[in-house]
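Trainee: Given the structure of chain F, go ahead and fit chains G and R onto it with the hints provided.
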Amino acid sequence: MFFAKILNYIRLAIAYVRLNWLSHIEYRNAFYIEAAGMFLNNVIWLVFWVYFFKAFPTVPTWTSSDVITLWAISAAGWGIAFVIFGNCRFLANIISTGQLDAWMLYPRHLLSHLILGKMKPSAFGDMVFGFAMYLFFVRPDFPHLALFCILTVSVAILFTGFSIVAGSLSFFLGNAESLALHLEFAMICFCTYPAPIFEGRIRWLLYTVLPALFVSYYPIEALRNLSIEQALYAFAGSLAFASIAVYVFYFGLKRYESGNLTVMRG
Amino acid sequence: MKYSHTIFRKYFALAFISARSNFAYFAEVLSRQLFLAVILYILLRLWQQTYSHCGLQQMAGLSLPQMLWYLTATEAIILSSSPISTIMDEEIRSGSLAMQLIRPTPYPLYRLALYLGERALRLLANFFIGSIICFVLVREIPVSVVGILALAMALPLAIILDFLGNFLVGLAAFWLENTSGILFIYSRLTMVLGGMLIPLDLLPAPYSNLAKSLPFASMVYGPARQFVHPCNFELLQFIVLQISWIFVFSIIVWQVYSLALKRVASNGG
Amino acid sequence: MAIKVENLTKQFILNKRDGWRSIKTEVLAVDSINFSVNSGQSLALIGPNGAGKSTTIKMLTGILHPSAGQAKVLGLTPWRERTRLAYQIGAVFGQRSQLWYHLPPEDTFELLSRIYNLDRNQYKEQRNLLIERFDLGPFLKTPVRKLSLGQRMRAEIAASLLHKPRLLFLDEPTIGVDIVARQELRDLIREWNKQDGVTVLITSHDAGDIEHVADRVIVINHGHIVLDDNLSNMRQRYLSSKILSARFHGEHKTVDLHGAKVLQSANYSIEVEIDTSVVTTEKVIKHILELGTIADISIEDPPLEEIIAHIYSQPVTNNDSSTHT
Numbered sequence: 045m046f047f048a049k050i051l052n053y054i055r056l057a058i059a060y061v062r063l064n065w066l067s068h069i070e071y072r073n074a075f076y077i078e079a080a081g082m083f084l085n086n087v088i089w090l091v092f093w094v095y096f097f098k099a100f101p102t103v104p105t106w107t108s109s110d111v112i113t114l115w116a117i118s119a120a121g122w123g124i125a126f127v128i129f130g131n132c133r134f135l136a137n138i139i140s141t142g143q144l145d146a147w148m149l150y151p152r153h154l155l156s157h158l159i160l161g162k163m164k165p166s167a168f169g170d171m172v173f174g175f176a177m178y179l180f181f182v183r184p185d186f187p188h189l190a191l192f193c194i195l196t197v198s199v200a201i202l203f204t205g206f207s208i209v210a211g212s213l214s215f216f217l218g219n220a221e222s223l224a225l226h227l228e229f230a231m232i233c234f235c236t237y238p239a240p241i242f243e244g245r246i247r248w249l250l251y252t253v254l255p256a257l258f259v260s261y262y263p264i265e266a267l268r269n270l271s272i273e274q275a276l277y278a279f280a281g282s283l284a285f286a287s288i289a290v291y292v293f294y295f296g297l298k299r300y301e302s303g304n305l306t307v308m309r310g
Numbered sequence: 006m007k008y009s010h011t012i013f014r015k016y017f018a019l020a021f022i023s024a025r026s027n028f029a030y031f032a033e034v035l036s037r038q039l040f041l042a043v044i045l046y047i048l049l050r051l052w053q054q055t056y057s058h059c060g061l062q063q064m065a066g067l068s069l070p071q072m073l074w075y076l077t078a079t080e081a082i083i084l085s086s087s088p089i090s091t092i093m094d095e096e097i098r099s100g101s102l103a104m105q106l107i108r109p110t111p112y113p114l115y116r117l118a119l120y121l122g123e124r125a126l127r128l129l130a131n132f133f134i135g136s137i138i139c140f141v142l143v144r145e146i147p148v149s150v151v152g153i154l155a156l157a158m159a160l161p162l163a164i165i166l167d168f169l170g171n172f173l174v175g176l177a178a179f180w181l182e183n184t185s186g187i188l189f190i191y192s193r194l195t196m197v198l199g200g201m202l203i204p205l206d207l208l209p210a211p212y213s214n215l216a217k218s219l220p221f222a223s224m225v226y227g228p229a230r231q232f233v234h235p236c237n238f239e240l241l242q243f244i245v246l247q248i249s250w251i252f253v254f255s256i257i258v259w260q261v262y263s264l265a266l267k268r269v270a271s272n273g274g
Numbered sequence: 261m262a263i264k265v266e267n268l269t270k271q272f273i274l275n276k277r278d279g280w281r282s283i284k285t286e287v288l289a290v291d292s293i294n295f296s297v298n299s300g301q302s303l304a305l306i307g308p309n310g311a312g313k314s315t316t317i318k319m320l321t322g323i324l325h326p327s328a329g330q331a332k333v334l335g336l337t338p339w340r341e342r343t344r345l346a347y348q349i350g351a352v353f354g355q356r357s358q359l360w361y362h363l364p365p366e367d368t369f370e371l372l373s374r375i376y377n378l379d380r381n382q383y384k385e386q387r388n389l390l391i392e393r394f395d396l397g398p399f400l401k402t403p404v405r406k407l408s409l410g411q412r413m414r415a416e417i418a419a420s421l422l423h424k425p426r427l428l429f430l431d432e433p434t435i436g437v438d439i440v441a442r443q444e445l446r447d448l449i450r451e452w453n454k455q456d457g458v459t460v461l462i463t464s465h466d467a468g469d470i471e472h473v474a475d476r477v478i479v480i481n482h483g484h485i486v487l488d489d490n491l492s493n494m495r496q497r498y499l500s501s502k503i504l505s506a507r508f509h510g511e512h513k514t515v516d517l518h519g520a521k522v523l524q525s526a527n528y529s530i531e532v533e534i535d536t537s538v539v540t541t542e543k544v545i546k547h548i549l550e551l552g553t554i555a556d557i558s559i560e561d562p563p564l565e566e567i568i569a570h571i572y573s574q575p576v577t578n579n580d581s582s583t584h585t
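Protein chains in written order, with the working numbering: chain F, 45 to 310; chain G, 6 to 274; chain R, 261 to 585.
By construction, these hints were calculated from the structure, which means they are not laboratory data.
Treat the hints with care, since some could be wrong.
Covered stretches of chain G, going by a simulated chain F footprint (3 or more residues, C-beta under 8 Å) [stated by the list, open to error]:
(1) 30–39
(2) 121–132
(3) 174–183
(4) 231–239
Listed below are the simulated EDC-like cross-link pairs for lysine to aspartate or glutamate, each with C-alpha atoms no more than 16 Å apart in a straight line [what the hints assert, rightly or not]:
(5) R:K424 x R:E385
(6) R:K502 x R:E550
(7) F:K298 x R:E471
(8) R:K401 x F:E70
(9) R:K521 x R:E531
(10) R:K406 x F:E70
The structure displayed is predicted, hence computed values, not measured ones.
Virtual Cβ for every residue (Gly too), placed ideally from N, Cα, C.
Just chain F, same shape as in the assembly:
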């Protein structure tokens, strides 16, 4: 029964990804330009950071391959998340402009259905970049590559969850579009710097509000030592955060259903 439900949802997700893809392919060049732009943009960043950490021994324990792995796993995880669940990133807008109504008319679980609604071409660029960098520059053996692929799923779950929480702020604050956007920027920032530079009390923040350590610490440690234990920590963190995200969304939805948000719009 549970298995059938999952299968049913995967079929729905595939149908959405297909339609999103077809929709973008209507403007083929625009899609490729955006995706390629994001790819190159990431390359510029990565070259810079590899240079930086080579030139200055800021984090003595980290090698260039660790830096590349960090970028690869964040980008690939981010890419997977928003190729499939691209509508997460519009959540704040959807809530504050009352577009949730239309989604509520479908016989599906609201959140899991809603987030399938869009795809960002740039996320495609991120996804390809992540896997390409890892394959070409880290040159992993098979176990590492397999673990990397599994961990990108964990990172994708975390980013999706974070995006849902950020977007759901619109339930409580009215239009939180730019706040959500900047929170996501902040999250990516924390995720793309080596975890060892953050010590002390800030770590609590990075486990909770901006859970970047489940991207920049556990997955990297797992890949370094080929440690299943560290990988499990990463998954545990991502799943816990995603569950909280679902709770926050449905908690906020009660305010929406009471209608007091709609009136705020006038």
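Mentor: Same frame as chain F, but now just chains G and R:
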């Protein structure tokens, strides 16, 4: 004489209205400051580690607090940028650019005025809040009045140059189906080659000089460097460089814009 | 019974900002309304903006929770069993499309079959039926952005019927559509209502929509039901007037005909309200033609706002909903 005076007033009014309408987005201003605080904190941590692991008191002639004030300036500048090329992209694609063309103000100058107004406001907010955050983080203000004056001199030209760059990206919409890819690359180059995260002096010698002479350095690195480390000679040199780049960019923009107008004339927008 | 509503009430709490203080005010959007709709009936819900129409519809579809009262839609309580209800209702919003803008309608149909978990064979059967009845064949493979608004709305309504809903909500379905296409849409909705027995609940600003689609009309204002009557009564009383405007090449004589009331008269033009229960439109036109040399002439339904104002100006006798249940 009188005529030029009224023209100036017209553009000033445009800039003013753009600044005011942006002030309405208070929530956006606020969340940008939140992000500014996050990124400054991260950079503080990064450079603290760098200074201590390198065992240095100064890098590129800057102490750690100076370095953080430098980074505050670069971040304040970068985060004040406005999405003008995205707006132009929409205007060009929807054909509303043609409407702008019949106005009595030339389109590039009209856009420039709006851009300056919006950016001036964002810069003020970012520098104000950024300074407070930076002070809280390093508990020191290693900035002199001369530095502030130097910043005030270098910043307007930097912003105009960045406008021309963005305007070019926006004009690409006449030829490309999507300009966001180019915008990603342009803004990333501004950040990396503009020295947003690292003073360009710290790059290896040949690259350092090359990067400093590129237009991106004139947009970000120059004003920030003069802010924390003013030097009359460098400032003069730097302003000459800015003006040269503005000259070069203006010519390119003018050429591309004329080409684009021909396309509007033949395709009807 | 398709819909049964008892004392349905919705109260909003409005936070008004006054400087730094926020003042809470309560707004009664829907005030204890009662009505019921039989299966297969076609009901129009009309009223000015902010009257409580869309709040009512949102409660009936389960989007909003009411503050008080009961509602059963197809035997379900919408806000408790929204998902189950969703399988059995269809919704069309004139201003919001569920078709994918850059893709042909058939792709959206395919996706909807997944969303509603439709059986493949039944889906294909229903889709083909809709393609035939709504004449979608010629543009089934054309991206929606290239369709005319009339074609788009046809595809839109077909899309909402794919899962064979028993109840169809239509919110301003003809907004912006040209006259010919508008009539086509009305006929299609009507046909589906009559032949397939789908219960229809429509809101519109267009008196013509209501006249051609609905059996029964509920007028709602300030959260109250001010009139609940069947269409023929409604038509006799309030929809019996037409507005005729004419422009002349020169001076014109004055109108003198029973049942034709002059609303405006200027040197070269005239506007007349025709009471069709007293005089036929044809007769009025003939009369107008005799007044001078005509340059231009048009006949329109009066705007709904005027009809509603008209309702207020007349004593209402038959507004008891119990007569229909």
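Trainee: Mind checking, does the region 174–183 of chain G have 3 or more residues with a CB under 8 Å from chain F?
Mentor: That given contact holds, which follows from 3 residues of the region 174–183 of chain G lying within Cβ reach (below 8 Å) of chain F.
Trainee: Just to be careful, I want the Cα atoms of K298 (chain F) and E471 (chain R) compared with a cutoff of 16 Å; is the pair within it?
Mentor: 38 Å, violated
Trainee: Would you check the hint for K424 (chain R) and E385 (chain R), treating anything up to 16 Å between C-alpha atoms as holding?
Mentor: 11 Å, holds
Trainee: Within 16 Å, alpha carbon to alpha carbon, are K521 (chain R) and E531 (chain R)?
Mentor: Between K521 (chain R) and E531 (chain R) the Cα gap is close to 9 Å, so the pair holds against 16 Å.
Trainee: If you look at each residue in the region 231–239 of chain G, do at least three have a Cβ nearer than 8 Å to any Cβ of chain F?
Mentor: That given contact is violated, which follows from only 0 residues of the region 231–239 of chain G lying within Cβ reach (below 8 Å) of chain F.
Trainee: Straight-line Cα separation of K401 (chain R) and E70 (chain F) no greater than 16 Å?
Mentor: The given pair, whose Cα atoms are some 13 Å apart, holds under the 16 Å limit.
Trainee: Taking a Cβ-to-Cβ distance below 8 Å as contact, does the region 121–132 of chain G have at least three residues touching chain F?
Mentor: It is violated: at least three residues are needed, and the region 121–132 of chain G offers just 0 whose Cβ sits closer than 8 Å to chain F.
Trainee: Between K406 (chain R) and E70 (chain F), is the straight-line Cα distance small enough, at 16 Å or below?
Mentor: 13 Å, holds
Trainee: The region 30–39 of chain G covered by chain F? Criterion: 3 or more residues, Cβ-Cβ distance below 8 Å.
Mentor: Holds, because 7 residues of the region 30–39 of chain G bring their Cβ atoms closer than 8 Å to Cβ atoms of chain F.
Trainee: Is the hinted pair K502 (chain R) and E550 (chain R) satisfied, with a Cα-Cα distance of at most 16 Å?
Mentor: 19 Å, violated
The structure does not agree with the numbered hints 2, 4, 6 and 7 stated previously, though it agrees with the rest.
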